[in-house]
Structure formats: C-alpha cells, structure tokens
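Visitor: Per the UniProt record's numbering, the sequence shown starts with residue 1, numbered consecutively.
Among these hints, one or two may not hold up.
[Claimed, not checked] Taking lysine-lysine pairs in the DSSO-like style, the calculated list, with each CA pair at most 30 Å apart, reads: (1) Lys163 / Lys131; (2) Lys181 / Lys192; (3) Lys80 / Lys163; (4) Lys131 / Lys200; (5) Lys116 / Lys201.
[Unchecked claim] Have a look at the derived ranges for each label pair, beta carbon to beta carbon: (6) Arg179 / Thr156: 20 to 28 Å; (7) Val205 / Lys170: 52 to 60 Å; (8) Glu145 / Thr84: 36 to 44 Å.
By construction, these hints were calculated from the structure, which means they are not laboratory data. Where a beta carbon is used, it is the ideal one built from N, C-alpha and C, also for glycine.
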Amino acid sequence: MTYTRFYDSRSRQLSEYSHSRSHKKNKGYYRQEDQAAYEYMMREENRKIEERKRKSGNASRAYSMPYRISEEDVARELSKKELTKLINSFGATIDEKDMYTTFYHYHTYLQRRYSKMIIKLQKLCHKLASKRYIPDEDLNQYWMECKKGVSRHLFTLNYYSYKHFFEFAKDAPVEDMARFKTFLADYVRMWKQKIRENNKKWTQVLTKNIKKYKKR
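From just these sequences and the hints, can you work out the full model?
Guide: This is how it looks when you write it as structure tokens:
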C-alpha cells in the first residue's frame, strides 16, 4: 500500500488532476487553459512552500499531516453530492483517519471551485479584449497580473486552511461529529466568500484596465 503525507498532497493533486484531464475527450481551448491555470498555481504554491521550508527548519513538522493517508483513501475527486453523502455517513463521532480524509476531500473540492473561477476570469479577459482589438502581448500583461494575484491568494488560502485544520484536529484521536461539521461548514463558507470577493475584485480590475487601454 502506498501512503502520502498530507503536507505533500498538493503535488499528488496536480498529478491526479492532469491524469484525469488527459483521459477526457473533447478537450476544448478553455479545458486546456483550465489545466494550465491549475498547474501554474500548484507550481507557484510548491515553490513558495519549499522556500519557507528552507527558511524555517521546523516548517515541515509544523504543517505536516500527523496521520498518513493511503492513496486508496483519496483515489478520486468527490462531487458536492458525494461530499454531502460522505459527511452524513458518520455517526456521533469521527476518528482521526476519517476526519483527515474528509478534510482532504473538501479541500480538493474547494480548490477545483477556485480553479473554475480563474477560467471564468480568463474568459472575461478575452471577451473584453476582443471588442477592443488588443494585441496578444498587451493582453497577456493584463492577464498575468490577474493570474499572479489569484495564485498568491490561493497560496494564502491554502496556508491558513491547513494551519486552522491542524489546530482543530491536534490531539484528537476521536472528534465530536457535530463540532467537526460546524468546522467544515465555516471552512467552506469562508472559501466561497473569498472566491466571490476575488472574482469581483479581478473582474473590476480587468474591466478597468482593458477599457482604458490605448495602443502604444
């Protein structure tokens, strides 16, 4: 049986994401851009994590999963309906393994939602630019500003998501299910709020920049 540490799961996610996309038919332009955007975010995130690990000798201990998860436990991505079914399948309490695995699935789901937001922004960028005949070189500058901004925000979201979860789950071989559900509900609500805020912010930035564009 192969195990993966929770801390290293982002690289596994990227591998799984690319693998699943490569086996789907009808790969349109935006499906390919979806994968490219996701890969960029994961590369940036992993680079910054490695940089932090070099600066802090105990970074890996502070933000490592104390419980190893098998590949079989997280072999596929779950839909929203499947997540609801999963969380309702437990009784009054939840053990450590199930709690960490459930959080992993929820986190992966929310990252997919974030990735979809990026694709939506990119479509908007191209749509606005097509009306003003902006050259690709100039358009790319606007898009890269947006892409880097949302990628940095994703890194921050991930960092604090792991941090808060580890603080919640530490020293808890068994957790009250009602308390865990409340934690997850607050966690999902926070992600959705941040996604809405980020989408609104960068929609306004892209619209403003493209509308005031002047040819060089």
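Visitor: Please go over all the hints and tell whether each is borne out by the structure.
Guide: Status of each hint after checking the structure:
| no. | hint | verdict |
| --- | --- | --- |
| 1 | Lys163 / Lys131 | 44 Å, violated |
| 2 | Lys181 / Lys192 | 16 Å, holds |
| 3 | Lys80 / Lys163 | 24 Å, holds |
| 4 | Lys131 / Lys200 | 21 Å, holds |
| 5 | Lys116 / Lys201 | 16 Å, holds |
| 6 | Arg179 / Thr156: 20 to 28 Å | 26 Å, holds |
| 7 | Val205 / Lys170: 52 to 60 Å | 39 Å, violated |
| 8 | Glu145 / Thr84: 36 to 44 Å | 37 Å, holds |
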